[in-house]
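Can you make the complete structure from the sequences, with help from the hints?
For the protein sequence lines, the chains are A and B, in the order given.
All you need for the working numbering is the position in the first sequence, starting with 1, plus 17.
All you need for the working numbering is the position in the second sequence, starting with 1, plus 17.
Among these hints, one or two may not hold up.
Copies of one chain are not kept apart here, so a pair can be met inside one copy or by any two copies together.
Said to hold, decoys possible - Think about it this way: if two alpha-carbon atoms lie no more than 35 angstroms apart in a straight line, the pair counts; the simulated DSBU-like pairs of lysine-lysine are:
1. Lys548 <-> Lys307
2. Lys408 <-> Lys30
3. Lys548 <-> Lys30
4. Lys307 <-> Lys30
5. Lys408 <-> Lys548
6. Lys548 <-> Lys210
Calculated from the structure, these hints are not laboratory results.
None of the values given here were measured: they were computed from a predicted structure.
Protein chains: 2
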Amino acid sequence: MNFVPDWVRHYQKSWLGGDTVAGVIVTVMLIPQSLAYALLAGLPPEVGLYASILPLIAYAMLGSSMTLAVGPVAVASLMTASALQPLATPGSPDYVALATLLSLLSGGMLLLFGALRLGFLSHLLSHPVISGFISGSAVLIAAGQVKHLLGVNAGGTNVFDTVAQLAQAAPRTNPVTLGIGAGCLLFLLLARKSMAPWLVRLGASPRRADMASKLAPMLAVLVSTAGVATMRWDVTAGVSIVGAVPEGLPQIAWPTVSMASLGSLLLPALLISLVGFVESVSVAQSLALKRQQRIQPNRELLGLGAANIASGLSGGFPVTGGFARSVVNFAAGANTPLAGVISAVLMGVVIAALTGLFHYLPHAVLAATIIVAVVSLIDVEALREAWRYDKADAVALLATAGGVVAVGVEAGILMGVALSLGTLVWRSSHPHIAVVGRVPGTEHFRNVSRHTVTTEPGLIAVRVDESLYFANSEVLLDRVEGLVAAEPHTRHVLLVCSAVNQIDTTALAVLTNLERSLAHRGMALLLAEVKGPVLDRLSETALGHRLEGRIFLSTHAAFEYARQASDMPGRYDDPAATI
Amino acid sequence: MNFVPDWVRHYQKSWLGGDTVAGVIVTVMLIPQSLAYALLAGLPPEVGLYASILPLIAYAMLGSSMTLAVGPVAVASLMTASALQPLATPGSPDYVALATLLSLLSGGMLLLFGALRLGFLSHLLSHPVISGFISGSAVLIAAGQVKHLLGVNAGGTNVFDTVAQLAQAAPRTNPVTLGIGAGCLLFLLLARKSMAPWLVRLGASPRRADMASKLAPMLAVLVSTAGVATMRWDVTAGVSIVGAVPEGLPQIAWPTVSMASLGSLLLPALLISLVGFVESVSVAQSLALKRQQRIQPNRELLGLGAANIASGLSGGFPVTGGFARSVVNFAAGANTPLAGVISAVLMGVVIAALTGLFHYLPHAVLAATIIVAVVSLIDVEALREAWRYDKADAVALLATAGGVVAVGVEAGILMGVALSLGTLVWRSSHPHIAVVGRVPGTEHFRNVSRHTVTTEPGLIAVRVDESLYFANSEVLLDRVEGLVAAEPHTRHVLLVCSAVNQIDTTALAVLTNLERSLAHRGMALLLAEVKGPVLDRLSETALGHRLEGRIFLSTHAAFEYARQASDMPGRYDDPAATI
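This is the structure:
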């Protein structure tokens, strides 16, 4: 691997305009989001800013997407909060140290998976499970932010708990906070829905109007901050504000935290890595395809791994590729990860000199930003489509979403992974097995239950449409034994192996036992259409030796053999054979 | 389901002889084994006897095997000890109560899996992983029994730990205990190796000689007990003996144990259920096939589940089908589970009136029995064969065995399950995908890298040899995009779906995105040989509507279409399409 990325070596001047515009626009989105997601994760605001500098540069060096915008995102922030809340007090130095450790762990895992080329692990999660997880998380996040809108204290690890605590705390609502929060919420919802069409009517191009509408959260931040700073509602009305944000670039340091916490962070780190990776790759993939570019999943693992290591070392928390910011980055004309580097530099300037601007920013405004961002993640359409197309998938989606909402984010994702794995095992252990017969007058053989074919008396011919391995070989055995039991006069059992690309040790043992047990009962196992590489390995085994002369190139040849052999009774009796 | 088992309703008098002989012989094996495995599990001897009465009857009522001998077995006893040792002092009332609870939990899980027809879950474990687990457990068990041969106290949850503790305790070896234990070990090893041939030379039939050699452990028990009772080595030489075993049939009772332990027993119960089920079914299966009988995995779940519930309610510990006793049961002529019922009755007589006989039985003799029993479970041949046939399987075997030996029994089995699942995901996410071309002059299409075929300029034809679902659809996408990138003049991408039995929601989404993104680049997606049920569901989706007129019955028709369409430039350009 070359240490200078391709996009740097082949950089063209004409790309600079798009990269700069995109970098600036993403930065304007990133400032309120990084503060908000730090709040969501239970971390001080500066941690969100730290996570928006070096990680972007690290990803730009190693990632394969030209347009993915890396940084703090809603779901990973929720997962961070859920992992750390049992271990330390939110906002405390211990809690911050654990967050950086979580980021390092998650980064280390991603790098390891990348080095081992385990990108395929992301296929563990089916779309319905991911969709259910994201929608459930969005509900959980939105419910958790209501306390900031009301200006009350309330917790809860699941939605029921949260609602119950909110109901109890509601009488203590701070009216000014609620006014600011509800106003901001309304403004943001209106901006999302009507700002772009309105700007178009004013003469803006649709693309520019759409870009401008993404800046609404920043506008809300500026106006509300100015309002509180002027009216000093923090003092006069008890409005909760961000307060002093330490100025200065992040320091590179190893987190000082007891290694005893390492064990309890392993599972959360794994889940954050997995979910973050899957989300990132799917966003990056769909954007890349629009420009005929390619994403390399294993390079994405390295890019995201490096980003999280960078985040952990510079006082940040887990990051990944964000959906909304990536889409804006793409639409604003980003050509290369230079856009991300420009964002990082601008964020550096903000934190080095401008954090004072956020002092009077009300928490309620950040909460409103979060709520508006996550509500768009709730995907009812996916549920409706899955329900229409495949009920089992719809149930998996609902179960995952329900698990997140009713129990919590980790239980939900684990339930989703278990459901996906269960489906995988179920499918793998149910290979398609067809009994075949001859299409009359030809050398073609087809499924007896679908075509008019002729069979050979005393011969059972079975075609298995998958490689044989531990998860399905017992099923084949079961099927063959069932067929043999139903046809006691069977003399030959033929396995047509045209779709068998591999026979593993377990399947070999099953076939060996099957052959011996058939021989014991006076029946012979035949194989046909065994592929070259499979045959090479098979012929060196005990089964291969026993089957000598009974492995045929074509199903036709095996049928002919069975027809002729049925005139020679007793030939395959093998009373000495034992299982 | 009928409550009177089939074998009872159709019982034939001629079966009674075989069942009685087998029942008696298995009982003679079962007495020393049940005492020994209780010792291995850290339980008082009577618990082993309790686990050898009602569970046998429960299995006889519900199981599907005619010859499986259920009761305490070595590996489940080891797993019980490993699960309970962190929670209570071995041998204490709390420990016993936890063992019965573990048995109830494991039974409940097996019943649940049976009711949900989840027998296929056993396919999660590949043969190499099971073999490695059993061999590793055997080493761990044998090492753990050495302390009884030496007459010292020593613990250890893994082999290194055990060896270190034994080395430290060795100077305190009790010479008389060592004499009895080593003598017994030698006798049992000799009996296994030479007794049967020796009896044959004396004129016995090979079958009877083999049966008789299985009674050697009972002989060792009788001789050593008589010796200690006469010489009173328990007093004069400090030989550790079984001591008073409470007489009387087990009482039916719910274990009195704090429900707080339930959580920490869930995973062990699941693992014991899974391993016990897999072992049982494979023994039962291979025995049944010798007599052209069938095993029904879901009925085995019910039978083993009921056996464990019965064990838990009657003061026993987890049970399953034992390998050695089942083989003897079969060879001794058992025709039906009546053999097990006879064993249960005889065991009842023993515990009701004859426990006094075991008072002077030395622990060293039980340890020797265990060691001889488990040494035969170490399967080096399986490793050698796997190594020769499939290195990856051999590595899985070694890793599982190594995990058990070096870390412990739970870590080992979890590592094994993880390895098996990893293999499953790896295989599932690597479907066989072939680029196909026309066999010249025919309507047959074959893999271009294996056959001499002709392709159509501008057409990429891909055949995927598996159903499309979440674990492999991204891989297909990746492959297609790679092919398209290498052939920029592509106009048509054809998917030959002859092996696709299902397209799940995830794969549907991937195909939908692929079609749109190809259209965006001026390329058309074509499908051919889509199976009826797949087509029915597909045609109701957005993708189905977009593909109208581009789904062909045969690959030939699709090739013809692509050839004609390539004269009409730009037809599929679809600039409005967005991802």
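Comparing the hints with the structure gives:
1. Taking the shortest Cα distances, Lys548 and Lys307 sit within 35 angstroms of each other only across copies (31 angstroms), while inside one copy they are farther apart (39 angstroms).
2. In this homomeric assembly, Lys408 and Lys30 never come within 35 angstroms of each other (Cα to Cα): the closest approach is 52 angstroms inside a single copy and 52 angstroms across copies.
3. Taking the shortest Cα distances, Lys548 and Lys30 never come within 35 angstroms of each other, neither inside one copy (54 angstroms) nor across copies (52 angstroms).
4. Taking identical chains as interchangeable, the C-alpha atoms of Lys307 and Lys30 lie at most 35 angstroms apart only when both belong to the same chain, with a minimum of 22 angstroms there against 78 angstroms between chains.
5. For the identical chains of this complex, Lys408 and Lys548 are inter-copy neighbours only, at 20 angstroms across copies versus 37 angstroms inside a copy, given an alpha-carbon limit of 35 angstroms.
6. For the homomeric pair Lys548 and Lys210, neither the shortest alpha-carbon distance inside one copy (59 angstroms) nor that between copies (43 angstroms) is at most 35 angstroms.
Of the numbered hints given earlier, the model fails hints 2, 3 and 6; all others are met.
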